[in-house]
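J.: Numbers in our numbering are just positions in the sequence shown, counted from 1, shifted up by 3.
Treat the hints with caution; some may be incorrect.
Quick list of in silico lysine to aspartate or glutamate cross-link-like pairs, EDC-like style, CA-CA up to 20 Å [as the list claims (entries may be wrong)]:
1) Lys55 to Asp83
2) Lys107 to Glu71
3) Lys55 to Glu76
4) Lys103 to Asp83
5) Lys107 to Asp138
6) Lys52 to Glu82
7) Lys103 to Asp138
8) Lys103 to Asp70
9) Lys55 to Asp18
10) Lys19 to Glu31
11) Lys19 to Glu158
12) Lys52 to Asp83
13) Lys55 to Asp138
14) Lys107 to Glu94
15) Lys19 to Glu48
16) Lys52 to Asp18
17) Lys19 to Glu37
Derived CB-CB ranges, DEER-like [stated by the list, open to error]:
18) Val145 to Ser26: 38 to 48 Å
19) Ser64 to Glu101: 33 to 43 Å
20) Ser142 to Asp108: 16 to 26 Å
21) Glu48 to Phe75: 22 to 32 Å
22) Ser142 to Gln59: 23 to 33 Å
23) Pro44 to Thr149: 29 to 39 Å
24) Leu38 to Glu100: 18 to 28 Å
25) Gln33 to Ser102: 30 to 40 Å
26) Phe46 to Ser121: 15 to 25 Å
27) Arg120 to Ala53: 16 to 26 Å
28) Ala30 to Glu71: 38 to 48 Å
Honestly, the hints are just simulated from the structure, not real lab data.
Note that the Cβ used here is the ideal one computed from N, Cα and C, for glycine as well.
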Amino acid sequence: APLAADRSELHQQIDKAIQSLASPDPAERQQAVELLLTAPPIFRENMHKALKEEAQVIANSLPQHLDEYTTFEAIFVTEDYTILRYMVHLEPGTLDEESKQELKDYLHRQSLMNSCRSPGSVSLSLLFGKSVYLDYRYSTGVPLFTFSISWEDCENMP
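Turn these sequences into a full structure, and let the hints steer you where they fit.
T.: Encoded structure:
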């Protein structure tokens with residue numbers, strides 16, 4: 004019975020640490036990082052399995068119209084990265100370079116907040132070295148822009 008109690012306490016600590024990854028307090032985040040990086044290897048394997056299962060649930064619900072301009076079209080999960088593909092309901096040539104850069108910067112900031120400051124499998128997978136690639140395309144399928152998010156990006160957020 005003592006072993007089960009120890010395991011249960013570790014699970015509680017891990018659950019709390021996952022929530023703390025999204026904390027606005029840098030000290031709390033760092034404490035969570037240290038605990039999670041020293042968790043047993045099976046934890047990482049289970050995390051990857053859970054991320055793939057979560058991605059499958061999301062994939063089954065796609066496409067999702069996020070707003071009048073954006074549709075979330077696809078999600079791909081591998082051992083090393085996750086790709087999120089979006090369609091922006093604009094035609095190529097609609098945006099000048101300055102507007103395109105402003106939109107990219109805005110979406111990058113929003114994605115950082117959603118990925119780094121929301122507790123869960125995405126922030127955890129970033130901590131364990133995965134990258135998230137966000138691929139935006141015009142309604143014709145022509146690439147608009149792509150950017151990535153890594154744990155380093157999360158650490159450098161204000």
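J.: Take the hints in turn and mark each one as holding or not.
T.: Evaluated hints:
Distance restraint check for Lys55 and Asp83: the Cα-Cα separation of roughly 12 Å lies within the 20 Å cut-off, and the hinted pair is therefore satisfied. The suggested pairing of Lys107 with Glu71 holds, with an alpha-carbon distance near 17 Å, which does not exceed 20 Å. Proximity of Lys55 to Glu76 is assessed by CA-CA distance (about 17 Å); at most 20 Å being required, the pair is judged to hold. Restraint check: the Cα-Cα separation between Lys103 and Asp83 comes to about 28 Å, which exceeds 20 Å; the hinted pair is violated.
Distance restraint check for Lys107 and Asp138: the Cα-Cα separation of roughly 11 Å lies within the 20 Å cut-off, and the hinted pair is therefore satisfied. Our distance criterion of 20 Å between C-alpha atoms is met by Lys52 and Glu82, whose separation comes to about 10 Å. For the hint pairing Lys103 with Asp138, the CA-to-CA distance comes to about 14 Å; that is within 20 Å, so the pair holds. Between Lys103 and Asp70, the direct Cα distance comes to roughly 18 Å. Compliance with the 20 Å bound is thereby established for this hinted pair.
A hinted pair counts as satisfied when its Cα atoms are at most 20 Å apart, and Lys55 with Asp18 qualifies at roughly 19 Å. A distance of roughly 10 Å separates the Cα atoms of Lys19 and Glu31; the hinted pair therefore holds under the 20 Å criterion. Only pairs whose Cα atoms come within 20 Å are accepted, and Lys19 paired with Glu158 is accepted, the gap being roughly 19 Å. For the given pair, Lys52 sits about 13 Å from Asp83 by alpha-carbon distance, which is consistent with the 20 Å threshold.
Restraint check for Lys55 and Asp138: satisfied, since their Cα atoms lie roughly 19 Å apart, inside the 20 Å limit. Our distance criterion of 20 Å between C-alpha atoms is met by Lys107 and Glu94, whose separation comes to about 16 Å. As the CA atoms of Lys19 and Glu48 are separated by approximately 19 Å, the hinted pair is consistent with the 20 Å bound. Note on Lys52 and Asp18: the hinted pairing holds, with a Cα-Cα distance of about 16 Å set against a maximum of 20 Å.
Among the hinted pairs, Lys19 with Glu37 is consistent with the structure: their alpha-carbon atoms are about 13 Å apart, no more than 20 Å. Taking 38 to 48 Å as the suggested C-beta distance range, the pair Val145 and Ser26 conforms, at roughly 40 Å. Checked against the hint of 33 to 43 Å, the C-beta distance between Ser64 and Glu101 comes to roughly 35 Å, which is consistent with it. The hinted window of 16 to 26 Å between Ser142 and Asp108 holds, with their beta carbons roughly 21 Å apart.
Under the hint 22 to 32 Å, the C-beta atoms of Glu48 and Phe75, about 27 Å apart, fit the expected range. The hinted window of 23 to 33 Å between Ser142 and Gln59 holds, with their beta carbons roughly 26 Å apart. About 32 Å separates the C-beta atoms of Pro44 and Thr149, a value consistent with the hinted range of 29 to 39 Å. The supplied range of 18 to 28 Å is broken by Leu38 and Glu100, whose beta-carbon atoms lie about 45 Å from each other.
Take Gln33 and Ser102: their Cβ atoms lie about 38 Å apart, and the range 30 to 40 Å holds. Look at Phe46 against Ser121: about 20 Å separates their beta carbons, and that is inside 15 to 25 Å. Roughly 20 Å separates the CB atoms of Arg120 and Ala53, a value that falls within the hinted 16 to 26 Å. The hinted window of 38 to 48 Å between Ala30 and Glu71 holds, with their beta carbons roughly 41 Å apart.
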